[in-house]
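Chemist: Residues per chain, in single letters:
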Amino acid sequence: MRKPLAALVTAVLCLGGAAACADNGSTPSTSSSGGAAAGGDLVIVRPQDSVSMDNTMVFSNSSIWVFQQMFESLYEVTPDGKDVKPLLAESHTLSADKLTWTFKLKQGVKFSNGAPMTSADVKFSLDKARATKGGWEFLDVAIKSVEAPDDATVVIKTKYPWSPLLADLANFNNAVLPKDYAGKSHDDFYKAPIGTGPFVWDHWNKGTEIELKKNPTYWDAGKPALDSVTWKVVPDDNSRNVQIQGGQAQINENPPFSTLEQLKGQPNVKVDLFPSTKTDYVMMNQNEKPYDDVHVRRAISYAIDREALVKTLLFGNGTPANSFLMPNVPFYDAATPGLTYDMAKAKEEMAKSSVPNGFSTTFLASSGDSTDQALAQVLQSSLKELGIDMKIQNVDPSAAHDLQQEQKYQISHSYWTMDIADPDELVTFAVDPSAGSHSFYTSYDNPQVIADTKKAQQTFDTAGRQELYSAIQKQAADDAFMGFLYYSPFSYAYSTKVSGFQVYPTGNYHLEDVTLGS
Amino acid sequence: MRHLAYVGRRLVSTIPVLLGISVIVFFMIHLVPGDPARTLLGVRATDEAVAALHAKFGLDRPIWEQYLSFLGRLLHGDLGRSILYDTDVSSLLALRLPATLWLLVAATVMALLISIPLAVLAATHRDKLADQVVRAVPLVGLGMPTFWVGIMLVLLLALKVHAFPVSGFGKTPAQHLSSIILPGLTIALALTPILIRSLRTSMIGVLDSDYVVTARAKGLSHRRVITAHTLRNAAVSSITVLGVNIAYLVGSTLVVERVFALPGMGTMMLDAIFNRDFPVVQGVTLVFALMVVAVNLLTDLAHAALDPRIELA
Amino acid sequence: MTAPAVPVGPVEPLQPLQPSRLPWLRGRGGEGVLRLNPTLVIGLSLLVVIVLAGVLAPVLSPWDPVAQDLTASLQPPGNGHLLGTDQLGRDVFTRLLYAARVDLRVGALAVLFPFIIGTTLGLLAGWFGGWFDLVLMRVVDMVVAFPSFVLIIALVFALGQGTASIYIAITLVGWVAYARIVRGEVLVAKEQEYALAARASGLPTWRILLRHLLPNVLLQAFVFAMSDVVLSILAIVTLGYLGLGVPPPTPDWGSMISEGQNFVFTKWYLTAVPGLAVVVTGLALALVADGVVQRSGRR
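Sequences listed follow chains A, B and C, in order.
One gets the working numbering by counting positions in the first sequence from 1 and adding 6 to each.
One gets the working numbering by counting positions in the second sequence from 1 and adding 46 to each.
One gets the working numbering by counting positions in the third sequence from 1 and adding 517 to each.
Hints were generated in silico from the structure; no laboratory data involved.
There's no promise every hint is true.
[As the list claims (entries may be wrong)] Below, computed lysine-lysine pairings styled on DSSO-like, alpha-carbon distance capped at 27 Å: (1) A/Lys-461 - A/Lys-91; (2) A/Lys-134 - B/Lys-102; (3) B/Lys-102 - A/Lys-185; (4) A/Lys-163 - A/Lys-197; (5) A/Lys-104 - A/Lys-460; (6) B/Lys-217 - A/Lys-197; (7) A/Lys-317 - A/Lys-358; (8) A/Lys-503 - A/Lys-480; (9) A/Lys-197 - B/Lys-102; (10) A/Lys-112 - A/Lys-88; (11) A/Lys-358 - A/Lys-480; (12) A/Lys-190 - B/Lys-217; (13) A/Lys-460 - A/Lys-165; (14) A/Lys-317 - A/Lys-390; (15) A/Lys-165 - A/Lys-185; (16) A/Lys-503 - B/Lys-102; (17) A/Lys-197 - A/Lys-150; (18) A/Lys-139 - A/Lys-112; (19) B/Lys-102 - A/Lys-139; (20) A/Lys-414 - B/Lys-102.
When you get a sec, could you build the whole thing from the sequences and use the hints?
Modeler: Right under this line is the structure:
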């Protein structure tokens with residue numbers, strides 16, 4: 007039984023002594039200032055809040071980057087984003103038939119509730135992760151069984167040889183949770199989660215802030231340095247920047263590129279651009295005529311002045327894209343002949359197409375998204391030269407999502423960031439129409455590319471995989487199934503008091519390495 | 047007793063209004079294209095995940111059925127669960143209400159602090175330069191977009207002068223107070239032109255009235271005349287202006303809270319609209335509507351208390 | 518107490534009033550037409566300047582408001598660009614002028630429909646009373662109890678972006694103000710001698726309403742419409758700020774403010790100048806409204 011009235015009354019009472027209420031029952035934070043590596047409370051401001059702490063189901067980055075401070079997996083992505091290294095695992099062996107993987111676990115790891123981490127916890131977690139519906143279970147489809155022969159050993163059998171397994175195990179959905187959710191129900195567990203990570207749960211005022219506290223018994227002795235981390239929701243771009251300047255926050259997540267110049271001029275503020283796996287695309291829906299015509303798609307792809315987009319949209323902070331894969335993902339091929347800006351060729355392709363005299367179409371854009379707005383207007387003006395009359399339909403982001411995923415659009419914009427250190431996640435999503443995403447919602451369907459994708463999943467030698475992924479990238483570029491736009495870095499602005507802050511190409515960061523000076 | 051019966055009648059008459067509002071909000075927000083499940087799950091949402099979420103929140107049922115269950119819960123004082131945050135709407139409201147109330151109170155107080163002295167100045171120097179200036183300058187405020195004023199105030203006062211915290215709400219009441227000054231001022235600036243004009247008109251009316259003229263003739267001091275009679279009337283007309291504008295005040299929190307990053311109900315409402323978090327939109331609208339209805343009622347009661355000539359009917 | 522409900526701006530409670538007529542509809546012997554007061558003169562002159570700026574935009578500026586030059590984005594003022602260029606290399610001053618066309622037109626049209634609908638409904642409700650009046654007033658109560666701007670935003674979301682949606686949304690919210698004002702005026706006017714006389718003379722109802730009553734109750738609605746144009750421009754600008762205003766690439770002050778906002782600390786004028794344009798337009802219309810009131814001898 008809920009007591010809404012009581013809650014409202016409390017809220018009104020809070021007007022008087024709001025300090026107690028705002029903390030929502032948390033212990034008062036000890037602001038132990040001092041030199042570097044000695045505590046401190048870090049505040050990160052970002053445009054939106056987390057959605058849920060359920061690591062097996064949630065797709066939002068703003069949730070993932072928070073619970074990754076509490077949950078750890080057997081493996082983790084290396085700082086360059088191209089490989090994985092052991093984290094809670096010590097080592098592994100692979101059988102000759104490439105179907106049985108045996109893992110030795112790191113010893114002396116404890117959950118934040120004091121219980122030691124054992125193979126039973128790993129089995130529980132992996133079994134839960136691959137049993138979800140509509141979550142991240144697609145990464146684990148190749149797994150046939152998980153066994154725990156002794157406390158320190160885990161054996162995973164796959165249905166068929168599966169080369170991305172270690173990369174998949176490094177993903178957060180396969181993080182190690184205490185067995186049986188430490189005696190709680192699934193829902194209760196995720197309301198105050200327990201993991202092996204450097205930070206532990208404190209509180210979450212939905213829509214406003216999440217606070218995690220230092221895990222005093224973290225297995226990696228001496229870490230973390232911080233006493234607490236708070237993620238605050240500040241939707242307005244300028245307000246976030248201003249809070250860094252005003253010292254109310256220390257890290258600003260993704261300040262727009264347009265504001266970097268101004269931020270760089272501020273004393274005590276540092277701006278960093280971390281190499282990312284973010285790639286932007288123009289999506290063209292092949293269910294809608296004339297986008298089923300490869301010449302039309304190529305013409306549009308040729309008509310995009312990527313250099314100009316990088317200059318005006320990213321303020322020079324990026325590079326034009328030549329492939330739908332990004333430079334910071336393994337098996338990216340820099341030699342992929344992606345289409346570049348060439349109006350003459352664009353006109354040639356248009357002439358060869360089913361609509362040589364042009365056509366009219368509608369670009370689906372998200373209102374309030376400055377990239378979408380500028381991109382749409384630039385594209386509108388370029389396509390005019392091809393006789394294409396492009397209207398811009400602005401809908402709010404929620405409706406835009408919906409229309410894209412239901413493929414009720416003609417031409418639109420989207421982007422991708424990788425979660426694992428293997429191209430398979432994106433390749434399957436983008437070119438395999440049967441994977442549930444209708445080839446990135448474009449209905450692109452090339453049997454050769456699909457066959458290569460499946461083959462690459464079962465190929466273990468690096469050279470063999472490279473060959474397959476190069477072929478896929480080349481064919482996809484030639485089919486111009488999307489207009490690849492540009493690769494852009496993750497921008498972060500932070501106080502000069504912060505040191506040791508690094509964002510990986512997959513977008514996550516390790517706050518146990520961060521220190522706060524005075 | 048007379049007042050109590052009146053309050054009762056008024057409360058009863060608001061029920062159909064609130065019910066009507068709930069119908070409008072409910073059907074309007076559900077007719078807006080966009081699916082909370084897809085928004086929540088993001089680009090990689092599978093159809094299964096969307097369907098599961100729909101089932102969890104009953105979004106797969108016919109819309110009239112959803113409305114009836116919404117209404118049924120409402121009768122039990124339950125506003126439902128936020129789809130986005132998977133939390134009771136009422137507890138979300140409880141977290142957000144303080145910032146909004148602080149903002150509304152601050153805006154009102156600041157509007158009065160600016161308007162009353164200026165109106166007194168204008169009324170006592172009628173048709174002189176001071177009067178002309180006081181009447182003309184606030185008209186500028188009428189056409190100012192609130193969000194723009196907010197941005198300009200941050201630019202000028204917070205960043206250049208470092209006079210106020212630029213945004214956020216702080217943790218202690220003292221911090222709340224200093225955080226609320228700029229956003230409060232933003233809203234107050236929009237209200238002052240109207241407040242000043244109404245106050246000036248009513249004060250002139252009083253100053254010209256027979257009893258004040260008599261009082262002056264009897265030798266009562268200027269100051270006492272103003273305080274005794276004029277301010278009482280000024281109170282009546284300020285209450286009227288504020289009462290009429292409560293819907294505006296409440297609506298302005300949407301934009302102002304966003305510009306100043308205040309964790310209030312306005313920002314929650316915008317987020318909820320953007321994410322199609324239906325239960326939150328419905329909940330906030332109802333609270334907003336209740337505020338408006340309550341303030342209107344209080345306005346009428348205050349009138350009756352301040353001015354015995356007013357009959358409550 | 519009769520009080521108008523209004524889209525996005527604060528409003529003034531109506532003063533109790535004597536019935537009076539719009540001078541130019543039913544002039545008091547013509548003398549009113551020439552008797553201008555300073556407020557009205559200043560307001561009208563400002564308004565004329567703004568309208569001319571919009572109308573003469575092609576003459577005043579050599580640039581095309583939507584032509585992009587990506588090699589010249591965010592140029593500082595100077596070099597032929599009075600206010601510099603925006604992110605897509607378009608001349609900001611030119612866009613400012615063309616935006617005046619868009620915002621004034623949309624602002625005025627957005628008031629026209631609520632004016633007509635609200636006045637008609639208010640006239641009928643006030644004259645006939647009964648259940649029609651009762652139902653109408655309950656609907657009015659509902660719309661009034663809503664923070665109207667929330668309603669407008671939600672309606673534009675529901676209807677999709679575009680000027681048509683803006684008209685519909687503002688009309689659905691805005692008519693209540695006119696209905697309330699006119700109804701209140703009619704209630705007073707219908708007890709006046711001329712109305713009673715007209716009724717007694719057996720004239721058809723529509724004739725009484727149109728010929729005798731309407732001219733007498735329109736003034737207050739008209740004055741309100743003047744300030745309502747300011748409010749509807751504010752609504753459009755705010756929608757533009759939220760990305761739901763007039764569709765791009767058409768320039769409008771709101772979207773210009775929103776586009777400039779990312780550069781507010783380095784290129785403040787990109788945000789400040791379009792905002793000032795809105796403020797001056799609002800001032801002009803407020804002065805005109807004030808002047809009309811003064812001229813009709815209301816205060």
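Chemist: List in ascending order the numbers of the hints, as given earlier, that are violated by the structure.
Modeler: Those not satisfied are hints 4, 7, 8, 12, 16, 17, 18.
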